[in-house]
Every structure is written in C-alpha cells, then in structure tokens.
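> Line by line, the protein sequences give chains A and B. According to our numbering, numbering within the first sequence proceeds without interruption in unit steps and concludes at 1066. According to our numbering, numbering within the second sequence proceeds without interruption in unit steps and concludes at 1470.
Think of the hints as simulated: they come from the structure by calculation, not from any bench. Hints may be right or wrong, so weigh each one.
[Stated by the list, open to error] Facing chain B, a subset of chain A residues (Cβ under 8 Å, in silico):
hint	residue
1	Ala-866
2	Ala-901
3	Arg-905
4	Thr-909
5	Gly-943
6	Val-944
7	Ala-968
By construction, the Cβ of each residue, glycine as well, lies at the ideal position given by its N, Cα and C atoms.
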Amino acid sequence: MRDRPEIRYVLTEDGVHIGYQVFGDGPVDLVYNDGWMTNVDAGWDIPSYADYLRALGRRARVIIFDRRGFGVSDRPTSPEEMALEKGMDDMRAVMDAARSERAIAFGFEAGAAVCLLAAASYPGRILGLLLQAPLVYYWKTLDFPWGSTEAFAKEWEDRLRTSYGTEDFWRWNFESMGYSAADEEVWMWAKWSRLCASPQAALAIEQVERQVDVRALLPHIHVPTTVMLKAGDRGDDGMWGAAPWVAEQIPGARYEELPGGGHFSDASDTAFFEVVDRFISEISSEQAELDRVLATVLFTDIVDSTATAAVMGDTKWRQVVADHDRLAQGVVGRFRGKFVRGTGDGMLATFDGPARAVRCAQAMIEAVKPLGIEVRAGAHTGEITYGGNDLAGIGVHVAARVAAMGSAGEVWTSSTVKDLTAGSGLTFEDAGEHELKGVPDSWRLYRVVTDGD
Amino acid sequence: MDIPETRYARSHDGAFIAYQVFGQGDLDLLWISPWFAHLEMVWEYPPIAKFHRAMTRFARVITMDQRGVGLSDKTKGLPDLETRMDDVRAVLDAAGSERTILWGAGADGGALCSMYAATYPDRVVALAFWSAAATGLEQDEEPENEALNAALERGWGLEEHTAEILRLIAAPSMAEDPETVRWTAKVFRHMGSPGDVLAFNQMYAEIDYRSILPAIHVPTLVMYRDYDGLNEPFAYLASHIPGATAIVLPEDRDFPPWLGDTDAALAELEGFLNSVRREEAEMNRVLATVLFTDIVDSTATAAVMGDTKWREMVIEHDSLAKAIVGRYRGEFVRGTGDGMLATFDGPARAVRCAQTFVDSAKALGLEIRAGAHTGEITYGGNDLAGIGVHVAARVASMAGPSEVWASSTVKDLTAGSGLTFEDAGEHELKGVPDSWHLYRVVG
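Construct the entire structure; sequences and hints are all you get.
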C-alpha cells in the first residue's frame, strides 16, 4: 500500500534527474526547500516529519524535491555541482514538471538561500517567500554577529569526517542542540541521513554552506516575505539568530517569532501554522486580483436553437452542434482568440484584441451558414478570471447578455468595445440604452455595421 | 538578380531539404511547384526566372525541392504527406519564416498547403492555390493518366518523348519550341529518374485531401484558369474551404502560371497579398495597459550625482523595475534611460505595479512619476508601437513626483478593483489628438 505521494523525476536542462513529489491541496502551490539534506522518500518514514508534511498539504498544493546530490535525485557529488544556484535550477525544473507556474517558496536554513536566489532571479514565478531560520551567511563576523564560529565549524566538519551517518554522530548532534533523544530516534535519524546523502555529499554541502552569502540580495527581493524563527534560536550566540535582521533587509518583509525552544517546527506547532495560514491567505487573496486579466469576451448563440433542434431531430442536431463547435474553434484560432468552450448552442471565446473579436464574430456568422443555422454575437471588454476550463467575472455575464440582444446575423457590442476599437475601421450603429438581466446599471450598446449594409 | 544560393534545411528525420530564399518583403511566400522541380536549373528558363523575380515585387519568396526530387535528399520509397509537411516546416524554420503564405500548384501543392495550414494554423498567414484539385485523379481522367504513365515509362528524360509529356502535363506551349523541349528533358533527368517519376505519378493519382478542407481557417485564394468550362475540380476547393475567394482567369491550356498570362495571375496574387497584409496589421494589434515611469528631475539628479554614480543608479532602477513588473505579471519592455516601459494584461495590475514601484524607488533615493493607459498596441521586435504607447508616455509626463496618473480608460476598466481615482481634469496631450480626461490614483 502506498502511504506517501508518488515520486516522479524531472530531467534538468543540464541533464540531472531530480526526484519530487506533489501532494495536498489548497488555494496556492507551495514549493518546500528544506535545509541541510533531504530524501523525499525516506522523510515519510519519520512519523513526526510525515505528519508535518501532511499538515502543510492541508493548506496548499505542496511540492517537495531533493536537490541534486541528495536523496532519490541524481547525486553529482562535489561543492561545485551542489552549489545553491544549481539547487535553484532544480527547483525551477521541479516547478515546471509539477505545472506550477507560480508558487510560494518555503525555505528552511540553506533552503531559504535557494528560495531567495529564486525570488531574485525569477520573481514572476515566486508568489511569496516563507523563510524559517534562514541561512544567508555562514560565519560569525564583526558585522554579522550570528553565524558559526571557527571552532564550531571545525568540530562539525571533524564529526562529519569521522562519524557521518552513524548513531554516534546523531547522539552528539542531538546533545549539542540540547535535546535528549531515545535510542530508537537516534537509529531512525541515522538511517534517514544515510539515505539522504553519502559522507562525501555531506562534506560537500558543508563546503557549499560555508560559502553562502546572499546578504546583498536581500534589498532586491520584491515579493511578499515572512521570516520565522523559533524563540530559542534567537540571539547572537547561535547559527540562526540573523532571522530578524534578514526580515529588516527585505523591503516590506515581516518577522514572526514562534514561541518555544528547539529549532524545528512539527505538526503540533500551532504558532508556525498560524503564520503559514495567514501568509497563504494573504497571498491567495492578492492572487485573486492578479489573476484578473483584461480581455474581450465573445459569445455567439445559434438563433432559435430550440425550434431548429426540434425540426432537425436529435441526431442531426447533435451533428450540427459538433460541426458548429469545430468550425468555431477554427475561426477563433484564425483571429488568434482563445476558444473557451462550446455552450451547447453557441460558443464562448476570448481575445486580446477587441477588433479581432468583432472580426471573428463576423466571420463566424458567415461560416455557419452552410450548416443551415444562423448565429448572433455579442462582445464586451472587461476584467475576467480564467479558472480551469472556464471564465469568471462580470465581464462574461455582460458579453452573454449583449449577445442575446441581437438578431440573426448581427454582432452587438458594449460601448467599451466600440471605444477601444476606434481607428480599426469597424463601424458601429447606436442600438440604444439597455438593461442587462442580472447586471447592474444600464448599458449603451452598439450594432456592428457590416460592409454590405 | 543572380541565381539565389541553395541552402539545406535539416528535416526531423535528418533528411536534407534544399531551398532558396530570394527577394525582400514584409510577407514570406512559399511557392510549391510540382513537375518542374530543380531549384537551380529552373532559373535557366526565362519564363520561370521572370516569374520568380516578379514575385519578389510583393514578398520574400521561398522555394524548395521536395524530398526525393532535384537537389534534396533521395529517400527510399515515396515520402508520405506528413513527412513532406515536416519538410516544409523545416525549410520555413531554416528560412526564419515564422508565419508564411503558402502558394501551391496542382493537387500535390494543394494537398501540402492544406495539410500544413490545418496542422499549423498559427504559422500560416494565408493560402493561395493555383489550379489545385482536391483529388489527384478525377474518375474520368483514368485514360489520360494511363497515357501519361505510358509516356513517362517510355520516355522520361528523353528528348523525343518530352514534347508528348509536356502536352500530357498541361504545358503544351513548351512543347512547340525544340530548344525548350531539349532543356525540359535535361531538367526532367536532373529532377529524378524514371522510376522516381513513375512512383510520384502513382502517388499523385492517389491524392485526396477533401476531408481536410473544412478545417482550414486562414484567408484563402483559389485561383485557376478556365479550362473549357471543366472547372469543377478546382472550384471544389473554393466551395469547401470556409471563406475562400475564387478567381477564375481566362481560358488557357497551360497549367504552369509562368506560361500564358503570367501578369494577370500575379496581379491577382498581389491583390490578395495586399488584403492579407492589411488583415495581418490588424491581427498584431492587442489590447494592453501600457505603463510608463519617469525619474523626476533626472537631468538635474544626474548632474549632481556625476556620470558613474548615475549610471549605477539607472542599472539599479532597471533591475528594480524588472522585479516589480514581474511580480505584477507585466512584461518589462525596456528601460528608457530615466524610466521604464512595461505592458500588462490587467489594468489594475499596471496601477498596483506603479504604486509599488513609486514606493520602492524611494528606497533607492529616487522619486518617480508614472502614467498608465489602456489601448491597442503592436509588439514589434523589442519595442511597442501604437497611439496607446504615446498616450501612456504623455500621461506619465503629466504626473507630479511620486504620483500615478491614468487615462479615463484605465479608470473605467478597473471599476470594482478597489482602486480610487481623483479627477485630474481635461488635458491636451502633446502629439495626440483630442483632449483627455485624466485621473490621479489616490489609493
């Protein structure tokens, strides 16, 4: 029985296979870039981590992946091949493969640096940054009082060299974080780490992290950002204390301190999930506005469709509707529109040029005549939202109502279409002021005058 | 004009397809001619050379030798229509022709044009057919085809049989001149071996693309010469391609357009291309919201800062602009040296972007002003054209420091978006007709 999301692979442009998973559901996508090392398969064997991932998956469509060198992905193993810039490429390849055009990037430790690189390099694809215990620079210096001391770095490297992947290593690691772990837990994490990275990979990523310096990027981040840190990590004497400073450096970023000790959040960390929830809800309401595009909506209707269907009989009528839809797709394509759907007795399409919508309507009227039907058409330009295979927005209703006003062979438009096509050579005739059912206000409508008129 | 250089395109399966490009023009025209297919030798025959040159009056012309013929790779067996369509695509890619007018002669050229247009409607500007039937062989043409087959078998490439073949493939006026007959025999030998040609004729007889015709949705010209009133096979195309225009030229027994009244044929083609050109210009117009921003007092600021510092500042400004435009899903068109130009497919986002940019630029120590207008524009290369672009630039120049101004079109189209506007009065905009009601964005 499969107790975890299916692993898929994507091949990056430079020929590395990256393993990833997509799970959960929510108003936005969230691509999770964990710190240090990962294994998207073995992570699910650790109950607390699996619960934590599932809790994320209840809030967003989550994408997780192993950066090159780790876990189930191909493992080119050297500091050069595991550089964070390459991790950023991996993340983009995974987003492409998961058909995630835009996602919140959630980064932990060095994963945060990868997210920051991504937000600076392709801001159009990053909806926002959620950073927890971000690693922006490794070393404690006079002007950067957080970070690691030489002594700590040396001890860490020595331990990696002599005992990486062993229970000894993990006993020491838990102790140094002030946490006493049961033998069972030590065994579990030791096994997990062996599945994440070979000793050489662990040494390589240590070299990479020591070279991290994304501080200069911070003022150039222009996506909504929230930086989180467990209260216990706060202060100048640890690796992660820079988080509040990071938030200050990023224009408009927010800093959220999560109560409690420890370094990690788990499924029971309600403060963490409150921050995540708030961020997701802010981003998704901003997205609702960003998803609105200006388009010219064209509706066409088969005139007297009920009567015609009755006369033709079901079989013939179904054939005519199928022919109509196929024809409509072709004509809409010719005028570079987007065929949204057939409506059963007409069609709905959008255009990025209002004049083309009108020309398309005129061509449709001519094109369907051989089918023994007549159509009328209506166009309106307004803000709409694409969702799945359909459209939403008041603009869609207006266009539908405008189409319903005309007679066979006529194209009607709102005054917006008329105004925006000035200079296109189209001629309009005033069709008067009208109330449109279910739409507020009264609307001035126009009939397009065809050349033959 | 010298004979154009022959180049080779690499088709999807690796085959080399020979092609030539000649002339210049804003429209690309691919001419597909069967029977007289040898890219280089055809230039030796004055009527063809003249015909080719004449087409450059109104287009950049592309010609190709079909796979298996002339200078292109010979492949085992006859290529199917789909393979040959891929070859066309490879040639057009190699010739840098993103959108093309296909102009095909005979049932074979017609089949190729139709298939291509139905498959890649986005890459076809228009279709023109020359004496194209939708089937290679009408039922009553069986005896004639038998005769042609026999003649090909007996005398393909041989001078003594070439006049007969010319008559059978509807180029009788070429059969009258011994010099032309001798030349034709040579071209035929270079075009393909007798076996190749017999196979080609067999394939020709089996052509039937009637079912594709209703799926063609590009402007189409169906042109043919009256043939004793027996025009049904050619007229079929006009009545089955939606919206096609038919042109019937006066009676002529010669099939190739470069024989007989070539000028009349080309005049019709040119007229058609002119109407296509007008339609194309309109097709490229899209509705977009154009945003211009300007650094306030840029000249004075540059003078105070000094050149080096100012240049760095402009670079930072541009990268900030790109990032913010990206966040609001706009398209950064270019930096203007002291500002930027971007387009958006949602007017509310253009305004929000301008607001964010005004705030973020302050952090760089820059004050900017912004103007937005929604109108029809044309993308060309890396820049924009259209009156809408000028309007947006003028609107931006009206705004005060840190202000975002918008035309009434933007205000009307963003109703319901939560943006608030303040009336900024009626203005004349330099170089733009009419007076414009402008608005200041206040929140």
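> So, Thr-909 of chain A near chain B? Judge it on the closest CB pair being under 8 Å.
Holds, about 7 Å.
> Given Val-944 of chain A was flagged as interface, is its beta-carbon under 8 Å from a beta-carbon of chain B?
6 Å, holds
> Under the criterion of a CB-CB separation shorter than 8 Å, is Arg-905 of chain A in contact with chain B as hinted?
With Cβ-Cβ at 5 Å, under 8 Å, it holds.
> Taking the least C-beta to C-beta distance, is Ala-866 of chain A closer than 8 Å to chain B?
13 Å, violated
> Mind checking the CB of Ala-901 of chain A against every CB in chain B and telling me if the closest is under 8 Å?
11 Å, violated
> Does Gly-943 of chain A hold up as a contact with chain B if the rule is Cβ-Cβ below 8 Å?
Since chain B brings a Cβ to about 4 Å from Gly-943 of chain A, closer than 8 Å, the hint holds.
> Please verify that hint: Ala-968 of chain A, Cβ, nearest Cβ of chain B, below 8 Å or not.
6 Å, holds
Of the numbered hints listed earlier, those contradicted by the structure are 1 and 2.
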